[in-house]
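K.L.:
Work the whole structure out from these sequences, hints included.
As you go down the protein sequences, you meet chains A and B in turn. With our numbering, the residue at position 213 of the first sequence is 213, and numbering never jumps. With our numbering, the residue at position 263 of the second sequence is 263, and numbering never jumps.
It is possible that some hints are incorrect.
The list treats identical chains as interchangeable, and a pair is accepted whether it falls inside one copy or across any two copies.
Lysine-lysine pairs mimicking DSSO-like chemistry, simulated, CA-CA at most 30 Å apart [to be verified]:
id	residue 1	residue 2
1	Lys119	Lys398
2	Lys49	Lys115
3	Lys202	Lys239
4	Lys196	Lys115
No lab work stands behind these hints: they were computed from the structure. Treat the numbers as computed from the prediction; the structure is a model and nothing was measured.
There are 2 protein chains.
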Amino acid sequence: MYKLLICNSTLSDKLFDPGCLHTSFGIRKEKKDHYTNVPRNANLEKLPKGYLFPEISLRQHQHLEQHPDASLISLGIGDTTEPVPDIVTSRMADFASGLSTLEGYRGYGAEQGNKELRKAIAETFYKDVNVKDSEVFVSDGAQCDIARLQLLLGSRVTAAVQDPSFPGYIDTSVIIGQAGDLDHETGRYHRLEYMKCGPENKFFPDLRRTSSTDVIFFCSPNNPTGHAATRQQLEQLVKFAKDNGSIIVFDSAYATYISDDSPRSIFEIPGAKEVAVEISSFSKFAGFTGVRLGWTVVPSELCFSNGFPVIHDFNRVVCTCFNGASNIAQAGGLACLSSEGFEGVRTRVNYYKENAEILLDALASLNIKAYGGQNAPYVWVHFPGMNSWEVFDMILEKANIITVPGCGFGPGGEEFLRISAFGHRESILEAARRLKALFS
Amino acid sequence: MYKLLICNSTLSDKLFDPGCLHTSFGIRKEKKDHYTNVPRNANLEKLPKGYLFPEISLRQHQHLEQHPDASLISLGIGDTTEPVPDIVTSRMADFASGLSTLEGYRGYGAEQGNKELRKAIAETFYKDVNVKDSEVFVSDGAQCDIARLQLLLGSRVTAAVQDPSFPGYIDTSVIIGQAGDLDHETGRYHRLEYMKCGPENKFFPDLRRTSSTDVIFFCSPNNPTGHAATRQQLEQLVKFAKDNGSIIVFDSAYATYISDDSPRSIFEIPGAKEVAVEISSFSKFAGFTGVRLGWTVVPSELCFSNGFPVIHDFNRVVCTCFNGASNIAQAGGLACLSSEGFEGVRTRVNYYKENAEILLDALASLNIKAYGGQNAPYVWVHFPGMNSWEVFDMILEKANIITVPGCGFGPGGEEFLRISAFGHRESILEAARRLKALFS
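P.N.:
This is the structure we're talking about:
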């Protein structure tokens, strides 16, 4: 789907970037000649100083300083590693080459995206649920559209998030001014509703004990837990939203990883078009993490309390704050949705799913309880009673494997680690061997 | 730089797009089965219903219905028309092709942009003013970075805009909540400071009569007036900002169109690094309107009133709300900054400048007073005492030329038309002939 904050794929680059160093590891204040009179945005002050991934980078960096010859395997960041099918890249290359010809040159496209691509998205992913191409907004990635959705919603709405969850929902809520203050003791923002999702509730919140909010961020298959919500769970969620008048922001960026009959879209649930938008992405589906392409569906049925259609305001935000995804990336996206392209990208998805199986098998052989991995490229590993940073450190120290401590995804992630299944096969096999050696 | 709102380059597509039709030409409300309880964002309610470009599209559409054989020339939207140099497109094509190989595959890049590209931007555009690559943030275009800057600044700051100006500054101020209510009589938002810029003040505001604000949006060379601020004017602006503790958001997206000795960057003015950020773009410089690439410079010297460096918060916003520009576009941007690439894109800039000269010559021969065009791809034409929509309609009706009525850029644009110099040479020559026939 999208990356977690900062300092991930180009760790070493960022570690030596002063801009990043300062932000991540404490600000060095020097008295300047001139300060402006502009107050710092109080919302940005509410974000905690240290974020997850810079902290991981720092520990990785320290580890490499102590062990310069360590052969690290990075299963931390969820970044794709396998090449994109030829048919997709050659379509992008052809489009790019065409820009140097009079016939092939293209300037501004529609902010909402190329109509042909919107049609292909509607037909490929929403054929049976009647999403129209006019309801599809092509984006440069799901993370960017979360921010634009926050601009749409504004500071006055209340929001609920799964706990644990991808930090982007919470951080953008904080930046737009919805979240209130951080309670440093609980690690929770006062105005946000945290919906605990763990093995004890089949990774689905107890809705009878969930406060009603204007917005509900819900990710399935979930990052980080790897859980794909069942049809029954999503039916409950849609009913809950309808009863309370909420809008669900449904994140389906990992939907193509679903193997069982879990819904691939919230719109498979009857009535969902009146209560939900869906954000999604080519990143993990087609290896487009660097190419940047995604989409959001805003059904025309979805209305604010005054009856005004949400789609019109989202269109206005997209037209004012965005200028469309790169036309080269859009040409690639269209190629991914051709039958040959789709076949090609499916093989990559299956490759990562086999990786996940290798990791799950290794953990099962060690009697370590792990979740996810069946319908998602993430394995969510339980270390009962343990601090997730301690487990992270131990695995880094003893097995030279980078993972992500679960507490980085919210207080509900404590005692867990997220292990990413993105990687070349040999790295995954080697990681499995090392885990077995460490824990057996 | 960037496009004006909506419905521009793909007029016909959008005209028949129900999503756009509804938004642009009045909402058709039908009672739905279910409204959510989520209030519509009050900021979005403050934006006027009809925007400039949909209105232009509508009039164009009506004109074509009445005159189906009319040979329209579009000098409305500022969209590039000339192909991109081979060296740039082949670099993008090679990068795209490489993504299908193990060696060439790239996943997530740094959110702030490829370091090599940041270096090249710093060296090409800011060599003599000591901007470091760590202060350059690569973006997917200036319009997108304006929105991210608004997320950085938040709703509590006060802002000033040039009048007339590109609508993006005002519209994003409204969306984030800075602007207050629209006074329908004056066409101005209550909380915004409008800095009138016209021939009477050499297109530079009378700063003695300008209220102090936290933020000052300033575009030079200006869209729509085509005026490049002189060194003396910018020195005044920087002093004004420093005296008042303001931050200047300087938009230099048309800087490569400057022919005379006007500053190409606000950072040419001593002390500007303590009071300004600069947004810019490859769009009009390299014909990347559809490829999507730009940058923003946030100097490390620039601080909020509490001494906190603005660059750290901008970094946080970029990392949370953006995931980097497309890596293919970034490869193209780097090629533009090679010596051969730069030479190539310069020839396109010069081509559009010759177009502007043709238009200026035609208007001069008619004794119609026109401004701009020397340092910018826009000609700003004065029709004293006339309503700019009436002039627009007359030129559309009688010469089949689409322009932009100046009032669309703010009340200060009344009596003016903006004519874009982007277009193939034969269209520009034909437009000049038609204008001569119409007005002589």
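K.L.:
What are the numbers of the hints the structure violates, in ascending order?
P.N.:
1 and 4
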